[in-house]
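Chemist: Spelled out from the first residue to the last, the chains are:
2 protein chains.
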Amino acid sequence: MSSQVDRSRRGFLRTVGGAAATIAAGARASAQAPQAGAGARVNGLVAPPLDVVRWGLVGLGERGAMHLEALLRIEGCEVTALCDPWAPALGQAVATLAKAGRRPAAAFGDGQRDYLRLLDRPDVDAVILSTPWEQHVEQAVATMRAGKHVFIEVPAAVTLDECWQLVDTAEATRRHCMMLENVCYGRDELMVLNMCRQGLFGDLTHAEASYIHDLRFQAKQIEWGTGSWRLAHYERRDGNVYPTHGLGPVAQFLDVNRGDAFGTLVSMSSPSLGLAQYAAREFPPDHPRNRARYRCGDMNTSLVKTARGRTIMVQHDVSTPRPYSRHNHVQGTRGAFAGFPSRIAVEGRTDVHKWDTDMAKWYADFDHPLWQRVGEVAQKVGGHGGMDFVMLWRLVQCLRKGLPLDQDVYDAAAWSAIAPLSELSVARGGSVVDVPDFTRGGWRTFTPLGIVS
Amino acid sequence: MSSQVDRSRRGFLRTVGGAAATIAAGARASAQAPQAGAGARVNGLVAPPLDVVRWGLVGLGERGAMHLEALLRIEGCEVTALCDPWAPALGQAVATLAKAGRRPAAAFGDGQRDYLRLLDRPDVDAVILSTPWEQHVEQAVATMRAGKHVFIEVPAAVTLDECWQLVDTAEATRRHCMMLENVCYGRDELMVLNMCRQGLFGDLTHAEASYIHDLRFQAKQIEWGTGSWRLAHYERRDGNVYPTHGLGPVAQFLDVNRGDAFGTLVSMSSPSLGLAQYAAREFPPDHPRNRARYRCGDMNTSLVKTARGRTIMVQHDVSTPRPYSRHNHVQGTRGAFAGFPSRIAVEGRTDVHKWDTDMAKWYADFDHPLWQRVGEVAQKVGGHGGMDFVMLWRLVQCLRKGLPLDQDVYDAAAWSAIAPLSELSVARGGSVVDVPDFTRGGWRTFTPLGIVS
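Listed in order, the protein sequences are those of chains A and B. If you read the first sequence in numbering that gives the first Met the number 0, its first letter stands for residue 0, the second for the next number, and so on. If you read the second sequence in numbering that gives the first Met the number 0, its first letter stands for residue 0, the second for the next number, and so on.
The following block holds chain A by itself, in its conformation from the complex (with noise of 0.2 Å):
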């Protein structure tokens, strides 16, 4: 695949789904013409169109499993390479290629480092990364600089200094770069992006995001699995240490990048508990789990003040016994929607004083077009409710037919820069921490997510 990008192809522009489905990002995307050379910026960025395209699979655990499994379903797919050190996931991998009766790919698991040789491979065009996020960013940075697209895993980035990595990469080398923030494909999200869009909730104050999860069970994971190497960031780091399910959403509810900009944060930390209880009640006494000290707060709680004065608070507990939530609030002058249930209120629609939560009818006004031109396969697919299968599908049309993303690496850098930026300030007491204006001022005019029509 060429490395440069083929201009000639911004503001292409393709119906797809339902007939009020047009999906119009490349359009709207093309008022912002990107500077020349590298160091421009990529809103809107468009990229040759790939009749198929052609993934490497970094990353074959529970996560890059069942992108697999997806991408095998979805047209226009192919998965040439595949990589993981550990040998029983590389296996399965290539198993399940060969049960669905694929081509073999190409098979890397010699070391943590094998996965450069996955980006030396001409038969692949764009990288899915579902590796330990500590290793996000440097594995990205290199997927871009061998001139293919990266797709990452959440959260994109651990650091500020790796938020910026990805930007100044993606910028100079125009590839794609996104973070695989599934969140926003699911059915809710995407009908609240469309109610926000279309005025439902008035002018918008104020959203709340978390990621609400007992997840204290991952302790036992030791040599494998995502608790082998999650819990060492409880260790090491308090603060919200995962915002992007939660944050994603919301963060487009609000147009964040596109005419608004998270500005100042602050955050605390609940005391860290949890862990070192359910350590204590599942483990020998001198086992690693019981011998380790967490540091990161059960409860962390941040509150971002946008440019445009709106607020959104952020949470963040793995290690409370508590029903899952995503919280997926947002709220303005004439209505509120809220999740975990979901439920809504609008002024002039519903008694504002009682929730509805009887989805089914707000999604015969307002599912969005995606959804129903995917929704149904989606859902007997699975993956998080068939939001995973969404997002996949979504970006496989982009990729083909030469549209901008719905997230770009201004996104992925900004949603991910909340984990370090409220531990900087949980560290300094609850202090204001300014979030980096990843976009360079660059809010200002980029226009909204073109994923709604």
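Hints listed in this document are in silico derivations from the structure and should not be mistaken for laboratory results. Some hints here could point you the wrong way.
Identical chains share a label here; the pair holds if one copy fits it or two copies do between them.
Stated by the list, open to error - Heads up, simulated SDA-like pairs for lysine to any residue below, C-alpha to C-alpha not over 25 Å straight-line:
(1) Lys219 with Gly347
(2) Lys360 with Arg348
(3) Lys219 with Gly201
(4) Lys219 with Arg288
(5) Lys353 with Tyr323
(6) Lys98 with Val51
(7) Lys379 with Ile73
(8) Lys353 with Ser341
(9) Lys353 with Phe339
(10) Lys360 with Phe339
(11) Lys353 with Gln220
(12) Lys353 with Arg280
(13) Lys353 with Phe216
(14) Lys400 with Arg72
(15) Lys98 with Gln378
(16) Lys353 with Pro340
(17) Lys379 with Ala64
(18) Lys400 with Val51
(19) Lys353 with Leu214
(20) Lys353 with Leu272
(21) Lys219 with Thr349
(22) Lys219 with Val351
(23) Lys353 with Pro270
(24) Lys353 with Arg342
(25) Lys98 with Arg53
(26) Lys219 with Asp350
(27) Lys379 with Asp364
(28) Lys400 with Gln371
(29) Lys219 with Gln111
Assemble the complex: chain A is given as a structure, and chain B must be docked to it using the hints.
Modeler: Relative to chain A, chain B alone:
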């Protein structure tokens, strides 16, 4: 009534209510001997028991009228004096007394300062202030100096200086100074207090409180009603101007002022749009509500870090069309309770990945003795689901039996102080502000609330 406190009554114990309902506040409070003389701390303060509590009511609007109705239903109460400068309210209260066949009360309605004549009366033991927020402290200080106990509607004070005036005056006069935080007497709040004391949620780490109540209709109260004075606060202040309904109960859950203390606070407000848009829709362009400039952000979110490191998120929103909530959330290492609707997850008792919303079975095990004693009557009387009546019933019992109150002047000050502190933090872009320690270090040794036996 003597202005001297009968210290011999400290440690006085009475059993009220059901067999299990030992309300042992007196016994516990006796662990802290107050320092002698004016200025000594008033935690656990007891006053000589009163056979009959003779009440003066200052402010007879919506709230004062409700208190009057409730007091008429509680044994051992006499309403001896009434005060309101607004003749219709005073007349209505006089009529209420007559209709109940009670002895007429002295009536004071000659302007804003006629309450001072009420305070001169020797037949008044205790005064309830249901006046606009900005009048509370001047009136409360005068009440205590007149040797009477004072009970103040929420918030007790508007500024930090006013909070200190309450503390200093209560310590100097050794009168009860309690904020009437009725929500602390809600059935679920009392039950959760019970559950917290019994360790059901493990070690508590985090709580959430809010006052989310669409009160835009109050803009139509021009000459009379809460709106006639409350909206002025939204014009000159930006922060959480009304924090205590949500905060009081969770402060009790966390033993704030009795083993823990508010430490620092950060606060951010959203734009202020709701009231202006409401006024534009509901009033002519030249109406005072349209000439006003509203400053108070529609949603204010504050974070409090306690001395023991716990976190409390506190929100205020009275101008967004969305359903009511006080959040009423508390969580610990073994589970969580959340409100609106009430729901529970407790390790070992429920599947913690699903909220249990069936309160009936929790009442069976954890209903508070105080609610068991008077809840049935309270619900018949009404007033926010009975909490108003339970509160007044409880404080009348305390006054009649010479027991310490469940909320003291330190609580009134600390809970109210969140308002001016949030304004300060908002004005400083979300900077950290220290919460004054109104107990002057006493929180380290003050014993927990006695209300739970």
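Chemist: Work down the list of hints and note, for each, if the structure agrees.
Modeler: Evaluation of the provided hints:
1. In the homo-oligomer, the alpha carbons of lysine 219 and glycine 347 lie at most 25 Å apart only across protomers (19 Å), although the nearest pairing inside one protomer, at 51 Å, exceeds that limit.
2. Proximity of lysine 360 and arginine 348 under a CA criterion of 25 Å is satisfied intra-copy only: 12 Å inside one chain copy versus 36 Å between copies.
3. Taking the shortest alpha-carbon separations for lysine 219 and glycine 201, only the inter-copy value of 22 Å comes in at or below 25 Å, while the best intra-copy value is 47 Å.
4. For a Cα distance limit of 25 Å, the shortest separation of lysine 219 from arginine 288 inside one copy, 9 Å, qualifies, whereas the shortest one across copies, 60 Å, does not.
5. Proximity of lysine 353 and tyrosine 323 under a CA criterion of 25 Å is satisfied in both settings, with 23 Å inside one chain copy and 8 Å between copies.
6. When the C-alpha separation of lysine 98 and valine 51 is checked against a cutoff of 25 Å, the pair qualifies only within one copy, where the shortest distance is 21 Å, while the shortest distance between copies is 86 Å.
7. Taking the shortest alpha-carbon separations for lysine 379 and isoleucine 73, only the intra-copy value of 13 Å comes in at or below 25 Å, while the best inter-copy value is 62 Å.
8. Within a single copy, lysine 353 and serine 341 get their C-alpha atoms as close as 13 Å, and across copies as close as 15 Å, so both meet the 25 Å cut-off.
9. In this assembly of identical chains, the alpha carbons of lysine 353 and phenylalanine 339 lie at most 25 Å apart whether taken from the same copy (15 Å) or from different copies (11 Å).
10. For the homomeric pair lysine 360 and phenylalanine 339, the shortest alpha-carbon distances inside one copy (18 Å) and between copies (23 Å) are both at most 25 Å.
11. Within a single copy, lysine 353 and glutamine 220 get their C-alpha atoms only as close as 43 Å, which misses the 25 Å cut-off; across copies the closest is 23 Å, which meets it.
12. When the C-alpha separation of lysine 353 and arginine 280 is checked against a cutoff of 25 Å, the pair qualifies only between copies, where the shortest distance is 22 Å, while the shortest distance within a copy is 42 Å.
13. Proximity of lysine 353 to phenylalanine 216 under the C-alpha cut-off of 25 Å is restricted to the inter-copy arrangement: shortest distance 16 Å between copies versus 36 Å within a copy.
14. Taking the shortest alpha-carbon separations for lysine 400 and arginine 72, only the intra-copy value of 18 Å comes in at or below 25 Å, while the best inter-copy value is 75 Å.
15. For a Cα distance limit of 25 Å, the shortest separation of lysine 98 from glutamine 378 inside one copy, 22 Å, qualifies, whereas the shortest one across copies, 66 Å, does not.
16. Within a single copy, lysine 353 and proline 340 get their C-alpha atoms as close as 14 Å, and across copies as close as 11 Å, so both meet the 25 Å cut-off.
17. For a Cα distance limit of 25 Å, the shortest separation of lysine 379 from alanine 64 inside one copy, 17 Å, qualifies, whereas the shortest one across copies, 60 Å, does not.
18. For the homomeric pair lysine 400 and valine 51, the shortest alpha-carbon distance inside one copy (10 Å) is at most 25 Å, but the shortest distance between copies (84 Å) is not.
19. In the homo-oligomer, the alpha carbons of lysine 353 and leucine 214 lie at most 25 Å apart only across protomers (14 Å), although the nearest pairing inside one protomer, at 32 Å, exceeds that limit.
20. With identical chains, the CA atoms of lysine 353 and leucine 272 are at most 25 Å apart between copies only, with a shortest distance of 22 Å across copies and 36 Å within one.
21. In this assembly of identical chains, the alpha carbons of lysine 219 and threonine 349 lie at most 25 Å apart only when taken from different copies (22 Å versus 46 Å within one copy).
22. Proximity of lysine 219 to valine 351 under the C-alpha cut-off of 25 Å is restricted to the inter-copy arrangement: shortest distance 18 Å between copies versus 45 Å within a copy.
23. In this homomeric assembly, lysine 353 and proline 270 come within 25 Å of each other (Cα to Cα) only across copies, at 24 Å, whereas the closest approach inside a single copy is 35 Å.
24. Within a single copy, lysine 353 and arginine 342 get their C-alpha atoms as close as 9 Å, and across copies as close as 17 Å, so both meet the 25 Å cut-off.
25. When the C-alpha separation of lysine 98 and arginine 53 is checked against a cutoff of 25 Å, the pair qualifies only within one copy, where the shortest distance is 19 Å, while the shortest distance between copies is 86 Å.
26. In the homo-oligomer, the alpha carbons of lysine 219 and aspartate 350 lie at most 25 Å apart only across protomers (19 Å), although the nearest pairing inside one protomer, at 47 Å, exceeds that limit.
27. Taking the shortest Cα distances, lysine 379 and aspartate 364 sit within 25 Å of each other inside one copy (23 Å), while across copies they are farther apart (43 Å).
28. Taking CA atoms no more than 25 Å apart as the test, lysine 400 paired with glutamine 371 passes inside one copy only; the shortest distance there is 19 Å, against 68 Å between copies.
29. Taking the shortest alpha-carbon separations for lysine 219 and glutamine 111, only the intra-copy value of 23 Å comes in at or below 25 Å, while the best inter-copy value is 68 Å.
The structure fails none of the hints (numbered hints given earlier).
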